[in-house]
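If you read the sequences in order, they're chains A and B. Going by our numbering, the first sequence opens with residue 199, and the numbers climb by one from there. Going by our numbering, the second sequence opens with residue 2, and the numbers climb by one from there.
None of these hints come from the bench; they were simulated from the model. In this text, a Cβ means the ideal position worked out from N, Cα and C, and glycines have one as well. Incorrect hints may have been included.
[Claimed, not checked] Derived pair list, reagent style DSS-like, types lysine-lysine, alpha-carbon separation capped at 25 Å:
(1) 364/A to 315/A
(2) 216/B to 283/A
(3) 245/B to 450/A
(4) 284/B to 247/A
(5) 247/A to 283/A
(6) 160/B to 185/B
(7) 414/A to 364/A
(8) 216/B to 16/B
(9) 446/A to 94/B
(10) 216/B to 450/A
(11) 380/A to 369/A
(12) 369/A to 315/A
[Stated by the list, open to error] Here chain B is said to cover these stretches of chain A; the calculated rule only asks that three of the stretch's residues, wherever they fall, bring their Cβ under 8 Å from a Cβ of chain B:
(13) 250-260
(14) 429-439
(15) 442-456
[As the list claims (entries may be wrong)] Heads up, incomplete: computed chain B residues facing chain A, CB under 7 Å, no partners named:
(16) 43
(17) 44
(18) 46
(19) 75
(20) 76
(21) 82
(22) 228
(23) 280
(24) 281
(25) 283
Residues per chain, in single letters:
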Amino acid sequence: MAKMPMGNPTYLRGQIRERKRIGSLYHRLRISLPQPIGPVLPGQFAMLKIEGGGSIILPRPFSIHNFEEGERVPWLDFLFKVVGKGTGLLAEISVGSPIMVLAPLGKGFPAPPRGYKPLFIAGGMGIAPLFPLIMRMKSSSSPLCLLYGAKSQGDLICLSELLDLKEITIKIATEDGTAGTKGMVTELLKGDDDDGGDQIVIYACGPEPMLRAVSKFAAEHKKPCWISLERRMACGVGACLGCVVETKRGYKRVCREGPIFEAREILW
Amino acid sequence: MRPERYYGEMMPSLKVKLGELELQNPVMPAAGTFGYGEEYSSLIELNRLGAIVTKGVSLAPQEGNPPPRIWETWGGMLNSIGLHNVGLEIFAKEKLPFLRRSKTPIIVNFFGHTIDEYAESARRLSDLEGVAALEANLSCPNIKEGGIHFGGKPQTVAKTTKMIRRSTKLPIIIKLSSNVSDIKEVAIAAEGEGADAISLINSIPAMAIDLETRKPVLGGITGGLSGPAIKPIALKAVWEVASKAKVPLIGVGGIMDYRDALEFLIVGATAVQVGTANFINPKALLEIIEGIEAFLKRKGIEDITEMIGSLEL
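Make a model of the complete structure from these sequences and hints.
Spelled out as structure tokens, the structure:
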């Protein structure tokens, strides 16, 4: 497996600088840090814990969605959907509130091999860790392509920011047909099959069935493929062994050996 | 009750002894919540801890239970890790050298599937440089053999402790479960066969269900409950055993801050282990040590051992 970079995490008391509601279900948080951390790599995550969570005691893992590129990172953005009690509390947090941040954690996406074109595949919230990767790669010379799928038009989060980028081609699929092609994002792959002799490397994040389908496609077409996995976590630093995923070489920790894995390593 | 006074620059002593083993303070991580130390080393100064307790080690590597392995509950969490570990050989070769760089005593937690395996592990761990003490896990709720099945009956605990005692000169800590009809009897059995200290308690067998799928949320079906939810149970276990046992006790279960830690000392613990709190706050161990020190200063208590067994009835 390619060597993937990883830095030491820092534990800090951050502050909510901005909370933006996107549609009815999504939120974006900007957390400012008392001192800069870093460097941060696209694909890495943070454990977040708010005060006064009552019965909620564990922090929650979130992909780092956006940050200012540089050696020292003064703020982090997170994108999330309200799915349970933890995210419910986070959705109601007020600007100025303190929040405990453990970051950066895990491994980032590796750079594409020389001469390879990146193909991004996002399903719904899966855009979160791919967004900073797209931002980083947009300055490279190779053309970028994103296949973006979601249940409905309203679930295509940050689409307007992505459409503003001239360096990227975006193909959209929605399950209800309210935007782009009607169907699953993986169906867009079929049309992408015939792009000459171009070497592509896939970067994907989204629901597990989507990642399974993308992995299958990558295996069949012999394309290198990196995926970002999500699991329940307790420590986030590799100590508790609570977040393991079954791979060809035994159980691996999503927080430490991941969350970015080579798709062919995973036993789906 | 002592009056709160300012005692100037008084530096209280936090030193405690577990048999022959001297600790600079009574605070250490609970096995399985702190990996092999390296995982937390960039977040917390390992040299400040009373001891480092490793993830449980077995003779052969163990894959552990199928995921999902953790689940949050009301004021606590379930785990079904199943003693996933690298095995004794890799531990010695790859994990121990890092731990040895710290001056903090290393307590190696270990377990077996048979009494012979406990004895063999104890013997082999004793040969390793830099191991200060052994903690035998006779109480894991997550494996089919070994673990809690060894801690359930006083006779088995006596026999296992005796075999471990014969296999090592290092101080032995026996970690027990509260899931027994009389924890005093079990503790006395360990003490009678040469245990130097007793840790109380391990996580408590428990489960959780997903209403939609009607399936257990954990891959291992059942797991162990830990966190603040179990603290009152652990306190009572330590208090009960302290009334009978002469060896020092290590209180474990739901300790989140220095107050919790000191409550365990009051009911009779000499030291404490902090588990789930590490996940919530990676600096928890350090904050507990500093909190204890500040408390002792505030109360004008010069020696932490004054706190041990000071329960007022």
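Hint check:
no. : hint           : in the structure
1   : 364/A to 315/A : 16 Å, holds
2   : 216/B to 283/A : 20 Å, holds
3   : 245/B to 450/A : 44 Å, violated
4   : 284/B to 247/A : 14 Å, holds
5   : 247/A to 283/A : 12 Å, holds
6   : 160/B to 185/B : 16 Å, holds
7   : 414/A to 364/A : 30 Å, violated
8   : 216/B to 16/B  : 48 Å, violated
9   : 446/A to 94/B  : 24 Å, holds
10  : 216/B to 450/A : 24 Å, holds
11  : 380/A to 369/A : 12 Å, holds
12  : 369/A to 315/A : 16 Å, holds
13  : 250-260        : holds (count 5)
14  : 429-439        : holds (count 11)
15  : 442-456        : holds (count 6)
16  : 43             : 4 Å, holds
17  : 44             : 6 Å, holds
18  : 46             : 13 Å, violated
19  : 75             : 5 Å, holds
20  : 76             : 5 Å, holds
21  : 82             : 5 Å, holds
22  : 228            : 6 Å, holds
23  : 280            : 4 Å, holds
24  : 281            : 6 Å, holds
25  : 283            : 5 Å, holds
When held up to the earlier numbered hints, the structure conflicts with 3, 7, 8, 18 and fits the remainder.
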